[in-house]
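Participant: Each chain, written out:
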Amino acid sequence: MPSASDPIAAAHQRHWRRNVRLSLSLLVIWAAVSLGCGVLLADVLNAYTFLGAPLGFWFAQQGAVIVFVLLILVYAIRMGRLDRRLKSELAELERGGER
Amino acid sequence: MTVQQWTFLFVACTFGLYLFVAWRARVRDTGGFYVAGRGVPAIANGIATAADWMSAASFLSMAGIISFLGYAGGVYLMGWTGGFVLLALLLAPYLRKFGHFTVPDFVGDRFESQLARLVALLCALFVSFTYVAGQMRGVGIVFARFLEVDVTVGVMIGMAIVFVYATLGGMKGITYTQVAQYWVLIVAFLIPVVAISWQLTGQPVPQLGMGSELTSSGQRLLTTLNQIHSDLGFTSYTEPFTGSWDKVNVFCTALALMAGTAGLPHVIVRFYTVKNVQAARWSGFWAIFFIAILYLTAPATAAFSRYYVFESLHGKTEQQLPEWFRTWEKTGLVVWLDDGDGEVAYHGEAQADKNEVFRKGSLGAAEFSKIRAQHFEWLSSGGAAGEDCRPALREQGLGGPDRDIMVLAMPEMAGLAAWIIALVAAGGLAAALSTASGLLLVISSSVVHDFYYRMIRPTASDRQRLRLSRIAIGVAVVIAGLFGIYPPGFVAQVVAFAFGLAASSFFPVLVLGIFSVRVGTVPAVLGMVSGIGFTATYILSTVFFGGERWCFGIGPQGIGAVGMAVNFVVAGVLTPLCRGPSEAAREMVAQIRAPEGEDPPPPVAGH
Numbered sequence: 002m003p004s005a006s007d008p009i010a011a012a013h014q015r016h017w018r019r020n021v022r023l024s025l026s027l028l029v030i031w032a033a034v035s036l037g038c039g040v041l042l043a044d045v046l047n048a049y050t051f052l053g054a055p056l057g058f059w060f061a062q063q064g065a066v067i068v069f070v071l072l073i074l075v076y077a078i079r080m081g082r083l084d085r086r087l088k089s090e091l092a093e094l095e096r097g098g099e100r
Numbered sequence: 352m353t354v355q356q357w358t359f360l361f362v363a364c365t366f367g368l369y370l371f372v373a374w375r376a377r378v379r380d381t382g383g384f385y386v387a388g389r390g391v392p393a394i395a396n397g398i399a400t401a402a403d404w405m406s407a408a409s410f411l412s413m414a415g416i417i418s419f420l421g422y423a424g425g426v427y428l429m430g431w432t433g434g435f436v437l438l439a440l441l442l443a444p445y446l447r448k449f450g451h452f453t454v455p456d457f458v459g460d461r462f463e464s465q466l467a468r469l470v471a472l473l474c475a476l477f478v479s480f481t482y483v484a485g486q487m488r489g490v491g492i493v494f495a496r497f498l499e500v501d502v503t504v505g506v507m508i509g510m511a512i513v514f515v516y517a518t519l520g521g522m523k524g525i526t527y528t529q530v531a532q533y534w535v536l537i538v539a540f541l542i543p544v545v546a547i548s549w550q551l552t553g554q555p556v557p558q559l560g561m562g563s564e565l566t567s568s569g570q571r572l573l574t575t576l577n578q579i580h581s582d583l584g585f586t587s588y589t590e591p592f593t594g595s596w597d598k599v600n601v602f603c604t605a606l607a608l609m610a611g612t613a614g615l616p617h618v619i620v621r622f623y624t625v626k627n628v629q630a631a632r633w634s635g636f637w638a639i640f641f642i643a644i645l646y647l648t649a650p651a652t653a654a655f656s657r658y659y660v661f662e663s664l665h666g667k668t669e670q671q672l673p674e675w676f677r678t679w680e681k682t683g684l685v686v687w688l689d690d691g692d693g694e695v696a697y698h699g700e701a702q703a704d705k706n707e708v709f710r711k712g713s714l715g716a717a718e719f720s721k722i723r724a725q726h727f728e729w730l731s732s733g734g735a736a737g738e739d740c741r742p743a744l745r746e747q748g749l750g751g752p753d754r755d756i757m758v759l760a761m762p763e764m765a766g767l768a769a770w771i772i773a774l775v776a777a778g779g780l781a782a783a784l785s786t787a788s789g790l791l792l793v794i795s796s797s798v799v800h801d802f803y804y805r806m807i808r809p810t811a812s813d814r815q816r817l818r819l820s821r822i823a824i825g826v827a828v829v830i831a832g833l834f835g836i837y838p839p840g841f842v843a844q845v846v847a848f849a850f851g852l853a854a855s856s857f858f859p860v861l862v863l864g865i866f867s868v869r870v871g872t873v874p875a876v877l878g879m880v881s882g883i884g885f886t887a888t889y890i891l892s893t894v895f896f897g898g899e900r901w902c903f904g905i906g907p908q909g910i911g912a913v914g915m916a917v918n919f920v921v922a923g924v925l926t927p928l929c930r931g932p933s934e935a936a937r938e939m940v941a942q943i944r945a946p947e948g949e950d951p952p953p954p955v956a957g958h
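Taken in order, these protein sequences are the chains called A and B.
Per this note's numbering, numbering through the first sequence is continuous, rising by one, with the last residue being 100.
Per this note's numbering, numbering through the second sequence is continuous, rising by one, with the last residue being 958.
The hints are simulated quantities; they were obtained by calculation from the structure and are not laboratory data.
You may find that some hints are simply not true.
[What the hints assert, rightly or not] Dumping the calculated EDC-like pairs for lysine to aspartate or glutamate here, alpha-carbon to alpha-carbon at most 16 angstroms: (1) K598(B) with E90(A); (2) K88(A) with D739(B); (3) K705(B) with D597(B); (4) K705(B) with E694(B); (5) K721(B) with E738(B); (6) K721(B) with D704(B).
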């Protein structure tokens with residue numbers, strides 16, 4: 002791997018760190034709605050009713066899947082933005098190099 | 352027109368459509384054959400992925416499982432879709448950037464080991480064949496019930512169709528056929544459940560209908576179900592952690608299914624077919640979007656069909672028995688063994704001695720008809736001759752109808768029009784065929800690309816490999832067909848095995864390969880071997896040799912979660928002690944992490 006003092010490699014590393022941070026935070030939500038609300042807290046949440054169903058039951062059979070769809074949508078949008086940011090940073094560096 | 356005529360019509364039309372699409376998309380090189388020339392648009396790839404993903408199990412079995420398990424059925428919904436999140440976030444974009452043909456390819460190149468490649472290859476083959484066997488059972492059920500042809504003939508027709516369009520068009524043909532199959536299966540799944548939701552609750556959106564009041568009684572559907580369940584000795588429909596599904600098992604099974612799903616080779620390979628990394632991410636979104644349409648509807652199908660089973664069976668006399676019961680009785684997937692009072696009684700675990708509704712399960716046809724004959728003799732002679740066969744079936748856990756009939760029988764239960772019933776049959780076939788074709792391609796590319804080309808004869812030309820791929824699909828089709836005609840009695844357990852293996856082998860090794868630059872050959876291979884070893888030993892000993900569930904009482908379905916942890920821990924502990932990856936492998940990791948850039952050149956001989 003090229004050293005971090007290389008500005009192009011540094012830009013790539015920043016992009017990678019942002020990528021990992023985004024993926025991790027989405028995975029925290031992923032675990033919270035499915036394994037959290039859908040399983041570990043299901044008995045507690047079942048005391049409440051949502052759309053005519055006990056809430057824990059609803060999370061396990063509806064809520065978790067709905068959140069999954071949104072998570073992947075957010076991921077695709079935000080990663081697209083991160084990619085464009087990297088591209089403009091790299092373009093900036095190239096212009097700086099020419100000067 | 353009768354149901355059977357409608358079914359013939361729909362099946363003939365849809366099969367013709369699939370062949371036509373495949374003919375339009377036929378290919379001539381390995382790039383087109385394996386990865387559709389990487390020119391599939393994100394949304395089309397998303398739809399195809401959804402069809403590939405949603406197997407006969409999703410279409411025919413899942414709603415049935417939820418229907419019988421209630422809350423605990425949610426682990427399949429969460430597990431299979433949750434796994435897709437892992438796949439889309441952690442694997443798909445990077446594997447697309449890696450840019451070769453298969454999963455064993457990545458494992459072999461990243462960890463620079465032919466042994467790792469071979470282990471991955473064997474896992475891919477095992478998982479794929481297990482899966483294909485399940486699809487063929489689905490095809491067999493649909494043909495046997497709706498076209499009343501022999502299962503053997505049905506399976507052969509199905510296999511012939513798959514063979515033609517898979518060898519003709521390879522991945523390209525399969526992809527576009529799957530797009531067509533998605534629309535067939537989703538329409539077939541939605542129409543009946545919307546009609547039933549309207550009929551039962553006056554609410555056309557099934558997801559809302561599930562939580563609404565029944566128009567007949569004014570009581571909520573789920574409340575009614577819970578009440579029936581407690582009256583007849585079943586565990587509650589909505590309460591979690593009943594029976595063998597305690598918290599540990601629900602948690603582990605959900606996690607194992609998630610990780611296992613993310614590691615399924617036939618789904619991962621779909622992301623190799625799009626143009627670039629960006630398209631891989633969007634195709635992930637479109638896939639889950641189209642999958643969710645079915646997965647969010649399945650719980651409603653489950654609740655409605657559960658209600659209808661009690662409504663149309665319990666307390667009915669011989670004359671009042673519905674038509675759907677009579678037709679399904681012929682297949683042995685549901686049967687009524689009366690206690691002599693002339694009234695059907697369907698009871699759950701807590702009142703099992705009163706239950707009179709059973710199924711064939713994995714019993715042989717001859718054995719099962721002997722049991723029934725004995726019971727009827729016992730009934731007609733007033734107990735003087737023959738034998739009351741209910742206790743024997745109860746002991747084998749065969750109480751209640753087979754879960755696989757629920758989706759197919761529900762339109763009949765609700766008395767919907769004949770063409771809707773036929774449509775559901777065509778949808779079931781679409782689901783089974785789309786998944787089977789994807790799997791057959793993975794099998795053929797694993798054998799020809801990973802084994803023959805990368806390990807045995809790296810000098811093979813493109814034309815030779817293409818021809819071999821077509822032969823390999825032919826052989827795989829025959830083997831899969833044999834599974835369908837002579838289904839092994841243990842399909843269900845083997846499926847648990849497939850997910851367990853994928854969770855404890857592929858998933859950790861792929862995540863480590865992408866997200867760590869330190870893990871080298873030895874930790875990766877040993878991690879994979881110990882993960883698989885642990886999972887396989889545990890499943891074999893508990894399922895096939897009646898061993899104890901010594902690991903926190905976790906069942907065979909959930910043990911993959913522990914196997915995955917074993918894999919991660921072993922690899923993690925060994926990494927600081929062993930040699931790291933070479934400069935070339937580090938370079939490769941850096942490459943797959945960068946969003947832009949060209950596809951790598953085709954794999955070089957002797958690499």
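Participant: Decide if the proposed pair is consistent with the structure: K705(B) and E694(B), CA atoms, cutoff 16 angstroms inclusive.
Facilitator: Measuring from Cα to Cα gives roughly 11 angstroms; hence the hint holds.
Participant: K598(B) and E90(A): Cα distance at most 16 angstroms?
Facilitator: violated, 49 angstroms
Participant: Between K721(B) and D704(B), is the straight-line Cα distance small enough, at 16 angstroms or below?
Facilitator: Not OK: K721(B) and D704(B) at ~21 angstroms, beyond 16 angstroms, violated.
Participant: Are the Cα positions of K705(B) and D597(B) separated by 16 angstroms at most?
Facilitator: This hinted pair is violated, its Cα atoms lying about 26 angstroms apart.
Participant: Is K88(A) close enough to D739(B), meaning Cα to Cα at most 16 angstroms?
Facilitator: violated, 76 angstroms
Participant: Within 16 angstroms, alpha carbon to alpha carbon, are K721(B) and E738(B)?
Facilitator: Judged against 16 angstroms, a Cα distance of about 11 angstroms means the pair holds.
Hint check: violations occur at hints 1, 2, 3 and 6; the rest are consistent with the structure.
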